[in-house]
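Please build the complete structure, drawing on both the sequences and the hints.
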Amino acid sequence: MTQEIKVNEAVEVSNSTDVVLRLAGESGEGVVSLGDLTVQMLVQMGLDIYTFQTFPAEIKGGTVMYQIRATESTTLSHGDAVDVFVALNRDGFSLFGDSLRENGILVYDSDVFTPDSDAGRTEYALPISTLALNEKQAVRSRVSPEQLKRLPPPKNIVGLGALLRLVNAPLEPAEQYVKDLFARKGDAIVEMNISALHSGARHISEQIESTGKRAPKVTPRFDMPKRLTLNGNQMLAMGAISAGCRFYSGYPITPATEIMEFLAKELPRFGGSAVQAEDEISALGMCLGSSYAGVKTMTASSGPGISLMVEMINLAGQSELPVVIVDVQRGGASTGMPTKTSQGDLNLALYGVHNESPRIVIAPTSVTDCFWTAVDAFNLAEAYQCPVILLSDQALATRKSTIEHPDLTQLEIIERLKPEAEDILKNGYLRFLDTPSGISPMSIPGMPGAQYVNTGIEHDEAGDPGYTPELATVSKEKRFRKLETCRIEQGSKFVRYFVGRDEAMIESIQDTDVGVIAFGSTEGVIREASQRAINEGFSVAHMHVRLLNPLPIAQIEQFASKCKTVLIPELNFSGQFANWLRVNTEIEFETHHKDEGLPFIPNEIYQKITSLAVS
Amino acid sequence: MTQEIKVNEAVEVSNSTDVVLRLAGESGEGVVSLGDLTVQMLVQMGLDIYTFQTFPAEIKGGTVMYQIRATESTTLSHGDAVDVFVALNRDGFSLFGDSLRENGILVYDSDVFTPDSDAGRTEYALPISTLALNEKQAVRSRVSPEQLKRLPPPKNIVGLGALLRLVNAPLEPAEQYVKDLFARKGDAIVEMNISALHSGARHISEQIESTGKRAPKVTPRFDMPKRLTLNGNQMLAMGAISAGCRFYSGYPITPATEIMEFLAKELPRFGGSAVQAEDEISALGMCLGSSYAGVKTMTASSGPGISLMVEMINLAGQSELPVVIVDVQRGGASTGMPTKTSQGDLNLALYGVHNESPRIVIAPTSVTDCFWTAVDAFNLAEAYQCPVILLSDQALATRKSTIEHPDLTQLEIIERLKPEAEDILKNGYLRFLDTPSGISPMSIPGMPGAQYVNTGIEHDEAGDPGYTPELATVSKEKRFRKLETCRIEQGSKFVRYFVGRDEAMIESIQDTDVGVIAFGSTEGVIREASQRAINEGFSVAHMHVRLLNPLPIAQIEQFASKCKTVLIPELNFSGQFANWLRVNTEIEFETHHKDEGLPFIPNEIYQKITSLAVS
Amino acid sequence: MAQAAEIVQVFQPKDYKSDLKPIWCAGCGDFGVLNALYKAMAACNLDPNNTVVVSGIGCSSRLPGFVSTYGFHGVHGRALPIATGIKLARPELNVIVVGGDGDGYSIGAGHLPHCARRNPDITYLIMNNNVYGLTKGQVSPTSTIPLISLQSKQDPKRWKTTPYGSTEDPIDPIVQAIAHDISFVARGFSYKPNQLADLLTQGIRHKGFALIDAFSPCPTFNQDQTDEFYKERTYDVPLDHDPTNKLKAFELALSDEGFPIGLIYKKERKVSVQDELAFLRESAVPQSLDQMFAHFMS
Amino acid sequence: MAQAAEIVQVFQPKDYKSDLKPIWCAGCGDFGVLNALYKAMAACNLDPNNTVVVSGIGCSSRLPGFVSTYGFHGVHGRALPIATGIKLARPELNVIVVGGDGDGYSIGAGHLPHCARRNPDITYLIMNNNVYGLTKGQVSPTSTIPLISLQSKQDPKRWKTTPYGSTEDPIDPIVQAIAHDISFVARGFSYKPNQLADLLTQGIRHKGFALIDAFSPCPTFNQDQTDEFYKERTYDVPLDHDPTNKLKAFELALSDEGFPIGLIYKKERKVSVQDELAFLRESAVPQSLDQMFAHFMS
Ligand SMILES: Cc1ncc(C[n+]2csc(CCOP(=O)(O)OP(=O)(O)O)c2C)c(N)n1
Ligand SMILES: Cc1ncc(C[n+]2csc(CCOP(=O)(O)OP(=O)(O)O)c2C)c(N)n1
Ligand code: SF4
Ligand code: SF4
Ligand SMILES: [Mg+2]
Ligand SMILES: [Mg+2]
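From first to last, the protein sequence lines stand for chains A, B, C and D. Using the numbering used here, the letters of the first sequence correspond one by one to residues 1 to 615. Using the numbering used here, the letters of the second sequence correspond one by one to residues 616 to 1230. Using the numbering used here, the letters of the third sequence correspond one by one to residues 1231 to 1528. Using the numbering used here, the letters of the fourth sequence correspond one by one to residues 1529 to 1826.
Rather than coming from a laboratory, the hints here were simulated on the basis of the structure. It is possible that part of the hints are untrue.
[To be verified] Pairs of lysine to any residue residues, derived as SDA-like cross-links and limited to a Cα-Cα distance of at most 20 Å, are as follows: (1) K841(B) to H1525(C); (2) K1500(C) to L1477(C); (3) K226(A) to F1821(D); (4) K1366(C) to G61(A); (5) K675(B) to P465(A); (6) K1500(C) to D1697(D); (7) K149(A) to S129(A); (8) K1209(B) to F480(A); (9) K1664(D) to E641(B); (10) K1478(C) to N1773(D); (11) K1209(B) to P469(A); (12) K800(B) to P768(B); (13) K179(A) to L1548(D); (14) K1093(B) to S574(A); (15) K675(B) to P1747(D); (16) K1774(D) to E1487(C); (17) K675(B) to L1548(D); (18) K1366(C) to P56(A); (19) K1209(B) to L483(A); (20) K841(B) to F1523(C); (21) K1776(D) to L1477(C); (22) K426(A) to N1577(D); (23) K1209(B) to K149(A); (24) K1093(B) to D1049(B); (25) K880(B) to E1512(C); (26) K1776(D) to F1523(C); (27) K1251(C) to P56(A); (28) K1476(C) to S1826(D); (29) K265(A) to V1813(D); (30) K880(B) to E1506(C); (31) K1478(C) to L1782(D); (32) K1209(B) to L471(A).
Given the structure is predicted, the values throughout are model-derived calculations rather than measurements.
Structure follows, in structure tokens:
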């Protein structure tokens, strides 16, 4: 039944080292599962994967887009132009088709629509439904009428076969995968699916033969060691568990919910718990209670939920409670664009407080870094006894990426400073003892003789309320001194320097034309863009800042001093990071900011870099 | 019975033009009523009054302080050192006594305590309780036993008599006042109180005779036309009513509650309503509903409540609803110091939003200006269809001041742009029509054919949800364009220039040594301080900015360009206004910021100005 | 005068349809609810120009986009305060609030008792699907998913934040509504659309705050409380039930025999806040600005 | 082993007094409540080191400062979530929540039904003075001040934000608590301190969420619901009342004859969230970090 197809090695194959696939169609119509399947197969081929998805806000209906970039070396972005676009309906193509590169390949479901043809591209018609139905018909006699009724035609598998063929990939791994996947449904179903795989492949092969156009070829690396395939939300949740988080409370919100879904499943296995709260205020309230009681704790939300937490975050800052608050930023103000991305909540993270109490703000830069940043967040919260706001974003959170298993021997866990029982006996206990670092030993309930009242009211070292001008000054200085301690102790650990793709030492950066300073999920795309510029002879360096507050001012000023022009690219409307630099540093810079719901693509940053280098 | 006391004109009287009185004692023990009485009398004497109060956070108990400055010309601050300190208990003196000037007069309730004596000051013992009890005893036979039981000894009136004598004031107006006040209680009570007035006066007179020390003399101006005596909260509420506010919803919080108390009483008389909500989120929610329905609306709160409103303010910005949100700032982060003052919520007002939606931020500068700023707030909200955050503060809100009746003929009321019925018929209706100014005609329910759905989701001109990058960009630009329109149209109207006490034209400011730029309730104290510096030959100018967002950048840069050194004084920990200037302007400046719960005093600003002029 | 011909506009259910096509999944219970609402609005002859439909956030809360009236699609859980503000500002408007069980009973739970205390003349329609639809399948306060052991076979994908079942008891929205003394408390069902339309009609006509909790199954994320489930377990409120007897209303709501559909509790003569405020405005002695200032002159 | 002498520390009421002197006004009902709490804590022999008293903001919420245990004085209306977090993190701690009627029933109203659903083993003591004390005299959800005409003589200074009376009906916290299915619902009175101490003792011993609403008059800002008022109108829960019968509990709570003091409703065998979460943790197969990662390796 499975007929071997020989690949015509003579057809034209671009010699690009990577390939960008984009699938689009009606939400709920299999786009996501076809994308996930394809990712699976590409990963099994030892390729590096980097995905980018946008969902409609509707549950069903609306158009969903799934972009997959696969490369032989580490992928740093979802890429620029699309090599192969698979349009499962007309809307999918008209909304997301403009990114198809010149000479790109459009595969369309010819059972559903026919695109206006365009000379520049290659078009392959794929009657997915018809082919899938044929496969179903073929096994009709081998399954019960009952089973037949409930049997969906194998559209995804047809599509997978076609896609694999297009990128010049062998079908064997997919065959194996399909076998495993359907094994428990019986031979007939397994064979139907394997046949479907080949049917899709064959259908495209025939057209490739006639046009001679295939997508860029990526050679499988079957000897690759196993890697992780995960998205930012998952890595972040794993980082939290690894850092010792044992209590989570949250309230569902796109695109943060997945963190809770992950932790709800995993935490009990580590002796912890997750609780869905009635709202975000309660969620953070439970976290503060749990932290006060001595357990490491986290909540995650997105803009609207973080807004509701503002009062409670301030209580944590004022009463010096460690807590990690994840903001998976999404697009738009107010309800905005829940399924789009943005770096628009930096202002809120920095300034969202009445009067002033200390907080730390950090941002992960990649899927891998989501793990380490979660660990850092807990460590910083415990070390400096204050809320830590971790700024992720929709693109990073939903981005699937192949990554190395984090080296857990590197895991360093910091616990909060606690009073010594002896000390308490001898000297009594002052919860808010004023110290040179600003950090005071913190008791937890159960410690004899170390009772205190945690309070958001202005208070003295014992925690008793007080309002004298002297006390107001001294105690605020004490709390903010912790941030200065943090800046000094941590500043240099929370910046990374790159020259092109590669990490570099600050010492190696000299007399650079363009220095890019950025934060958050844009790291990879900037590295890729600056590598491209460097390849073309431009002089570029890049500093990525992971600690937004307290800002590593000395490091930033040092880096800027080595660059003729500094560029600050970011994904928000007003240039919030640039403004934060204006507040904190003396450096001068150019800005590039916009907030349209999508991540940067490398070309855009490349253009900006080179235009600055030239001018 | 009332025995005339001749003032010994020979005793030493300072020739200062003003006097600063300070009363302190146990809360609930009559400090506030004695202060209020004294203010009443000084106002009736035609003097200008400016008070400053700090309350304990406790309901009863704790120490309350009431400072009154009375001058012959307009008072701009509560003054520096205290001329006469009335200590009703030891705590009152030890907590607030350090402000007594050298050679000042301390009056203490000698029935309660005796201060350690101090050579520098003059001390007058006043056995208030004893004197008051004597007066009560004297009328014993003239009232029923029942009445006698409930009759409080007239301590306040004894104190008032003493205070009036100390500042060299005639007792007649007080006699008349006491007569009116107690008339309905019968002759005996009236006479007891008049006698008490004289008793207090006599007791102090005797001591003045012996020491020859009296407080600065202020000459009554009995020919003064009637003026208003009001505090900032009251003026703000009156401004709201005058601007057309007809719906208010709020939740009690110190120090904003008084605004609601005022409006709850007054609004029904103007055909409006006030509703106490279950929390601040609901309060602002009701306001947005009412604004959507076409009624001008306001809420007021303080930091903790404003924090809870962050999500809802964003909805107003994103969906372009006019609404006025008053933040009467109080001291401290979190619950902090509810009865103290601060300018610490500027950051929250400017940046308290996830992602970005437009809002206007303004701040009143004086009790009088509370009225006009409230009017402005409504006009700006209606004109630019967005939330307006009005930043008052505890000191301004509770400060009683004698002011001119605002000239209501100057009242200009702006109504929101509405669509024309004809236009709707002809062209249909687009709620969020993209216009050059960014302002779109806004329909209200009841207008035929102009239905739309108000939403916080990103939306097109019709209000229908949309998430394309183009729409995200265009509609955000449209909304923020309104702020640019506002900056251009309003910028110059919302700045004031002063040379010393007096308002000046920007043209008259040239080659100044020190230019002070500030916002909010510090206006008066800066004017007084810079006048003092000018009197001593320093070159000083002062710009007060009433519109914080959009910031009048051009005007600020122009002013700064005329000054050698610019000083930015403000009452918060990190220098929030200075940082906002760093974000928006190119100007350089020195800062002076602190946040200890108290307003500036003139001397402190004077010192800062002169030190900068010298260096 | 009474004889003078008055042109009374008579609206049809279709007149309340907007141009936006509902974005709900095929089979969503909310379609039935929407149709019942169209009918009820027509039955009450509501002028779309004078009607506002207010909602929070959720699948169900997208409803204002699908009606031709004025609409306010606010933030999650805050529909009641917004609607109250509209009603208090403009008592002549018809105000209808719609939303989900999560929106109304979870994040919005704090507003319900206070709206009950105010008793504004608004109608609150909850599309109760016992799940969070828009965020793709988490427990809501009305979800019933008992805690199970980790080894059990329950599909963890169905209840995403409570993969082992919920640690929380569901609320009973009807018992709660009666306790809050909401002046009209009814239960409807999307698959009994005529009855639901009738309850909505009564609710809109009721002078005061009316809550109609309508089962509106979500086939996409809730395979436990399906239309079948409710078809089997709902029954009509007995004819002899006296909704004005609070204790009887509690008794009916607490009974274990499935879910009664119909009017369960009604409190007559509970005064509405918009009338009380109108009374205050009307009995106040009107004042000019000058008079207001005069109190503070001296 | 069982015979081995164990030194059981026995605490006296005075052991729970802290060094801070209560800042309440003379005559405040909260003094009586505080004393009852000292007694109840002693009766339960709570170790101050293992006990946390949690509150929101208000006069009553200052109480944690006056006890010698650990304390958490949070923000207005959020004591229940904070207390729940403490209990879930450290089930072995004794957690007691205290606060005012405004704190608990107004701004905090949204947390009450959800805490009831979770049924954590905490005791919630509301000092109900029918007014906002700390902000100096505004209506609370339990205030009873009917609307009056503007011409009437009611002293507008007494109810500062509702000078003409309130447009809102008061809530009935007991009826509400029963509807929420809180597993222990009682009413106490500051001026019946022994009974209150006893109810608190029962509440602390009760395994699950216990709510004790104690009338605690505010002589400074509420001259309507004074100690006299309640002395005249309170009576003991009848001896034959069956608190486990929900309908009977409603009936008692709804009766017009004043205010019953005592245990009104009790639900036995309602599971507590801390136990359910413990069950999940205990029945889970422990996992290492490496194992967790392994799921995602390919
Ligand atoms: C403050 C805030 N928190 C969370 C969300 C995310 N969110 C949107 S709808 C929803 C719940 C939807 O459930 P329900 O109200 O029952 O409506 P349904 O979708 O089931 O109709 C949540 C949690 C949000 N939009 N805003
Ligand atoms: C978010 C927020 N809103 C408002 C306040 C102001 N506030 C403090 S206590 C309180 C109410 C006090 O009443 P209650 O809870 O009954 O306590 P009581 O003082 O009567 O004991 C209010 C409104 C606040 N602190 N925080
Ligand atoms: S997810 Fe459920 S509630 Fe939402 S539209 Fe689909 S079926 Fe309806
Ligand atoms: S104001 Fe009332 S509640 Fe507050 S301390 Fe005084 S008497 Fe007690
Ligand atoms: Mg729902
Ligand atoms: Mg109270």
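Now the hints, each set against the structure:
{"no.": "1", "hint": "K841(B) to H1525(C)", "verdict": "12 Å, holds"}
{"no.": "2", "hint": "K1500(C) to L1477(C)", "verdict": "17 Å, holds"}
{"no.": "3", "hint": "K226(A) to F1821(D)", "verdict": "11 Å, holds"}
{"no.": "4", "hint": "K1366(C) to G61(A)", "verdict": "14 Å, holds"}
{"no.": "5", "hint": "K675(B) to P465(A)", "verdict": "16 Å, holds"}
{"no.": "6", "hint": "K1500(C) to D1697(D)", "verdict": "9 Å, holds"}
{"no.": "7", "hint": "K149(A) to S129(A)", "verdict": "16 Å, holds"}
{"no.": "8", "hint": "K1209(B) to F480(A)", "verdict": "13 Å, holds"}
{"no.": "9", "hint": "K1664(D) to E641(B)", "verdict": "17 Å, holds"}
{"no.": "10", "hint": "K1478(C) to N1773(D)", "verdict": "15 Å, holds"}
{"no.": "11", "hint": "K1209(B) to P469(A)", "verdict": "10 Å, holds"}
{"no.": "12", "hint": "K800(B) to P768(B)", "verdict": "14 Å, holds"}
{"no.": "13", "hint": "K179(A) to L1548(D)", "verdict": "73 Å, violated"}
{"no.": "14", "hint": "K1093(B) to S574(A)", "verdict": "14 Å, holds"}
{"no.": "15", "hint": "K675(B) to P1747(D)", "verdict": "12 Å, holds"}
{"no.": "16", "hint": "K1774(D) to E1487(C)", "verdict": "17 Å, holds"}
{"no.": "17", "hint": "K675(B) to L1548(D)", "verdict": "16 Å, holds"}
{"no.": "18", "hint": "K1366(C) to P56(A)", "verdict": "13 Å, holds"}
{"no.": "19", "hint": "K1209(B) to L483(A)", "verdict": "18 Å, holds"}
{"no.": "20", "hint": "K841(B) to F1523(C)", "verdict": "11 Å, holds"}
{"no.": "21", "hint": "K1776(D) to L1477(C)", "verdict": "9 Å, holds"}
{"no.": "22", "hint": "K426(A) to N1577(D)", "verdict": "17 Å, holds"}
{"no.": "23", "hint": "K1209(B) to K149(A)", "verdict": "76 Å, violated"}
{"no.": "24", "hint": "K1093(B) to D1049(B)", "verdict": "6 Å, holds"}
{"no.": "25", "hint": "K880(B) to E1512(C)", "verdict": "14 Å, holds"}
{"no.": "26", "hint": "K1776(D) to F1523(C)", "verdict": "57 Å, violated"}
{"no.": "27", "hint": "K1251(C) to P56(A)", "verdict": "15 Å, holds"}
{"no.": "28", "hint": "K1476(C) to S1826(D)", "verdict": "62 Å, violated"}
{"no.": "29", "hint": "K265(A) to V1813(D)", "verdict": "12 Å, holds"}
{"no.": "30", "hint": "K880(B) to E1506(C)", "verdict": "15 Å, holds"}
{"no.": "31", "hint": "K1478(C) to L1782(D)", "verdict": "12 Å, holds"}
{"no.": "32", "hint": "K1209(B) to L471(A)", "verdict": "13 Å, holds"}
In this structure, the hints that do not hold are numbers 13, 23, 26, 28, in rising order.
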